[in-house]
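Residues 21 to 245, numbered by my numbering, are exactly what the sequence shown covers, in order.
Bear in mind the hints are in silico, worked out from the structure with no lab data behind them. Keep in mind that the hints are not guaranteed to be accurate.
Label-pair ranges, simulated between beta-carbon atoms [unchecked claim]:
| hint | residue 1 | residue 2 | range |
| --- | --- | --- | --- |
| 1 | Pro204 | Ala34 | 34 to 40 Å |
| 2 | Gly50 | Arg202 | 34 to 40 Å |
| 3 | Asp62 | Gln216 | 20 to 26 Å |
| 4 | Glu225 | Arg102 | 27 to 33 Å |
| 5 | Pro46 | Gln182 | 29 to 35 Å |
| 6 | Thr160 | Ala103 | 34 to 40 Å |
| 7 | His213 | Arg143 | 18 to 24 Å |
| 8 | Gln179 | Pro204 | 43 to 49 Å |
| 9 | Asp200 | Leu232 | 28 to 34 Å |
| 10 | Asp130 | Pro64 | 20 to 26 Å |
| 11 | Ala79 | Gly205 | 33 to 39 Å |
| 12 | Thr203 | Thr31 | 28 to 34 Å |
Note that the Cβ used here is the ideal one computed from N, Cα and C, for glycine as well.
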Amino acid sequence: MNGAPGAPPSTLAALHARNLECTACPLRPGSTRVVVAEGPADAPLVIIGEGPGRTEDQAGRPFVGPAGQLLDRILHAAGLRRAETYLTNTVKCRPPGRDPTPQEILTCTDHWLHPQLSLLRPRVIVTLGNTPTQTLLRTTRGITDLRGHWYAFTHPDAQGGQSQALLRPLYHPAYLLRRDERTPGSPKSLTWHDIQEVAAVLRGEREPAAPLPVPLDEPGQPGLF
């Protein structure tokens with residue numbers, strides 16, 4: 021595939037630079053720029069969305085549109101800092117008015133997302149919505165079913181071994197913008213519970229009780245987004 025990587029780069033900066041030149045799938049010609057990631061290489065928390073939106077495509081930065089601004093407020097309210105978080109997406113180029121296809125997701129995940137995680141080796145991964153959650157957990161179950169739980173996520177590291185991370189699925193902020201109710205059990209209420217759990221684990225205030233194994237290829241109810 022044109023623009024796809026050869027041997028994985030040994031640093032996150034080198035991977036980022038190579039990703040900017042990627043033309044390995046049909047998304048690149050329809051996008052303004054490749055939106056790789058933002059955040060420190062030693063971030064203990066990695067947040068993964070689906071793909072860049074219009075604002076992100078124009079700015080070249082992830083999570084800077086309305087959904088990203090809500091994500092910033094959610095992090096701040098939980099005592100977490102965007103500047104200490106690594107933000108990226110499953111696909112790095114904006115899909116042109118549609119969802120990314122399974123092949124586009126597979127291409128970008130294999131070439132870029134998995135190598136990112138191998139170099140980052142985060143303690144906690146937060147997946148926002150169906151696409152990153154189903155991709156990393158390799159399941160067709162929807163976010164409504166999967167959120168509210170910790171999952172034990174194992175992935176290769178850059179040294180050829182295995183790294184462990186705790187993975188927590190959350191509703192995507194774009195969905196929360198469409199669901200403004202704050203009653204108990206509403207998406208915003210559930211997200212507040214989830215992000216408080218993430219913050220407590222990162223601060224060492226709480227250990228997640230028995231993270232669930234990755235639910236490989238388990239069918240289930242369709243997600244909301």
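Tested hints:
| no. | hint | verdict |
| --- | --- | --- |
| 1 | Pro204 <-> Ala34: 34 to 40 Å | violated, 47 Å |
| 2 | Gly50 <-> Arg202: 34 to 40 Å | holds, 37 Å |
| 3 | Asp62 <-> Gln216: 20 to 26 Å | holds, 24 Å |
| 4 | Glu225 <-> Arg102: 27 to 33 Å | violated, 21 Å |
| 5 | Pro46 <-> Gln182: 29 to 35 Å | holds, 33 Å |
| 6 | Thr160 <-> Ala103: 34 to 40 Å | holds, 35 Å |
| 7 | His213 <-> Arg143: 18 to 24 Å | holds, 20 Å |
| 8 | Gln179 <-> Pro204: 43 to 49 Å | holds, 45 Å |
| 9 | Asp200 <-> Leu232: 28 to 34 Å | holds, 30 Å |
| 10 | Asp130 <-> Pro64: 20 to 26 Å | holds, 25 Å |
| 11 | Ala79 <-> Gly205: 33 to 39 Å | holds, 35 Å |
| 12 | Thr203 <-> Thr31: 28 to 34 Å | violated, 47 Å |
Violation of the numbered hints given earlier is confined to hints 1, 4 and 12; the remaining hints are satisfied by the structure.
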